[in-house]
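**Student:** The lines below spell out each chain.
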Amino acid sequence: MRYLPHTQEDIADMLKKIGAGSLDDLFTSIPDDCRRKSDLDLPQAKTEWELNRHMSGLAEQMAVCPDYKVFIGAGSYDHYIPEVIKQLLGRSEFFTAYTPYQPEMSQGTLQAIYEYQTLTTRLLGLDVANASMYDGASSLAEALLMSVRITRRKKVAISRLIHPLYRQVVRTYFAPTEFEVVELPVLESGQTDMTGLQDLETFAGVAVQSPNYFGCIENLSALGEKIHSDNKTLFIVSFTEPLAYGILKNPGSLGADIACGEGQSLGVPSSFGGPGLGMFAAKKTYMRNMPGRLVGRTQDIEGKRGFVLTLSTREQHIRREKATSNICSNQGLCATAAAMYMATLGGTGIRKLAELNHDKAAYLQNELKTAGFEVPFDTPVFNEFVVKFPEGFEKTYANLLAKKIVPGLSLTPDYPEFPDYYLLCVTETMDKADMDLLVKEVTS
Amino acid sequence: MKELSELNFPDDVMYTDDHEWTKMENDETIIGISDYAQDQLGDIVFVELPQVGETFEKGAEFGTVESVKAVSELFLPVSGEIVAVNDALEDTPELLNNEPYTGGWMLRIKLSEKSELDQLMNKSAYLESLKG
Chain D
1 MRYLPHTQED IADMLKKIGA GSLDDLFTSI PDDCRRKSDL DLPQAKTEWE LNRHMSGLAE
61 QMAVCPDYKV FIGAGSYDHY IPEVIKQLLG RSEFFTAYTP YQPEMSQGTL QAIYEYQTLT
121 TRLLGLDVAN ASMYDGASSL AEALLMSVRI TRRKKVAISR LIHPLYRQVV RTYFAPTEFE
181 VVELPVLESG QTDMTGLQDL ETFAGVAVQS PNYFGCIENL SALGEKIHSD NKTLFIVSFT
241 EPLAYGILKN PGSLGADIAC GEGQSLGVPS SFGGPGLGMF AAKKTYMRNM PGRLVGRTQD
301 IEGKRGFVLT LSTREQHIRR EKATSNICSN QGLCATAAAM YMATLGGTGI RKLAELNHDK
361 AAYLQNELKT AGFEVPFDTP VFNEFVVKFP EGFEKTYANL LAKKIVPGLS LTPDYPEFPD
421 YYLLCVTETM DKADMDLLVK EVTS
Chain L
1 MKELSELNFP DDVMYTDDHE WTKMENDETI IGISDYAQDQ LGDIVFVELP QVGETFEKGA
61 EFGTVESVKA VSELFLPVSG EIVAVNDALE DTPELLNNEP YTGGWMLRIK LSEKSELDQL
121 MNKSAYLESL KG
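Protein sequence lines correspond, in order, to chains D and L.
Per the working numbering, residue 1 is the first one in the first sequence, and the count goes up by one each step.
Per the working numbering, residue 1 is the first one in the second sequence, and the count goes up by one each step.
Just so you know, these hints were derived from the structure itself, not from any lab.
Check the hints yourself; a few may be wrong.
[Claimed, not checked] Okay, derived cross-link-like pairs now, DSS-like style, lysine-lysine, Cα gap no bigger than 30 Å in a straight line: (1) K154(D) x K58(L); (2) K58(L) x K155(D); (3) K232(D) x K58(L); (4) K69(L) x K304(D); (5) K322(D) x K69(L); (6) K283(D) x K58(L); (7) K284(D) x K69(L).
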């Protein structure tokens, strides 16, 4: 099968039209030592049916729900996506549109994003939300940079209980800057230890995640109070599981200046770890320092309601290197899915679903405890929790994997100080029989 | 936008190429943007100013002014330390449009180099440069 549409004749014809003698002539502006001389080392082209078989083979190597019982969340959650969302999102007006931001053309898309922003501010309890970022990790990095812009200080602190990959992205964002990233240690309760945080007046922002990477709910109001003992330092709350705010108090009501995190739980499939949805909301005071784009509601000259990009005067396509941040886009389709998801469930639905997640996780946590396993952190959780399995659990793990059960995620690679600690997650899609089976299997 | 003849350029202030004005008062100098600048920008909706105590070199960017059209940088006409900032601009940025030389003042600066004032333009030189 041919994957490239141009024949040699097409190419010769195009080169002739623009006055280039050969393909090499076309690329003379690229320095010679940046150009590849040898052919690409690629396998033989496959037929379409061979390619399909190849891709199916790759897909079969993965342990995916519901074929496998996957007790892992850790930033990507298996929530049921109501059929109505798939149907609505598949409409070509939403599905195929590429950054359609001309207000005269795109009232539908702009309104969808505006609704997403409104629902996001309600879920997170803050005044203003942007049109979305790439994912939870880049949201956090941008929030920290925003705190640096606002306070003009050169240091930020992040909890060690923020998702390890988010921390990695923060370090990547900060590496070329002059700003320092300090990590806050872990308390015995599985919460962030802020007791050692000195010289608060030198910190632009302090970020924690709640529920944190160990599933534990942080005491946000106490942390916020301590952080706000300096009147400039910003309190940043990150999250990987926004559904938790269906039953927990939201970050805004507990003092957060910025809430930022991953919105995949809200109607976006886990896929192969992406695409995600970076949710980002802040207090109104900080609106002009927010990264990304913002859709606002306005009136046209006839007094009719309309939606437009607003505050674009600070965006990169207008302000170039002086822009607030270098994000030039948003996660339009995922944000639209999240808006549909939140609107479909409604406030009551989100609360009920959150309760279901919490109750199921509490059931499994309790069953494992009763079966004699150590639950090391005595702190309330939402739908994830840590279990310390006996030494040598790797063998049981492998056996269970063969039975299509994935009994959690080992924390040891990211937290060597916690050997044999596993992070388990239960969402609404797991039923009692699944959990009982897991308990039975790990006990035997 | 207005014709030059419709704009107001007081005699008792000095002007810069970047359309800021400055006026000496005792040992300090007051800074703002000219009537021409505010007219070019259009309706001003937000002003970002530095904090009292900060020190800037001549020509340094000290803040931004945001109109419905664009965000523009502000450049300091002279070196010095900020001794006062017009807080009223935070809630009423339209003062820059309505009273650019009075209620719309931005900063009060303690000069570090008085001779820098000699490099600025008086009214007629500024008008000349605007006619370009």
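**Student:** Determine for every hint whether it applies to the structure shown.
**Tutor:** Going through the hints against the structure:
| no. | hint | result |
| --- | --- | --- |
| 1 | K154(D) x K58(L) | holds, 24 Å |
| 2 | K58(L) x K155(D) | holds, 28 Å |
| 3 | K232(D) x K58(L) | holds, 28 Å |
| 4 | K69(L) x K304(D) | holds, 22 Å |
| 5 | K322(D) x K69(L) | holds, 16 Å |
| 6 | K283(D) x K58(L) | violated, 34 Å |
| 7 | K284(D) x K69(L) | holds, 21 Å |
In this structure, only the earlier hint numbered 6 is contradicted, and the remaining ones agree with it.
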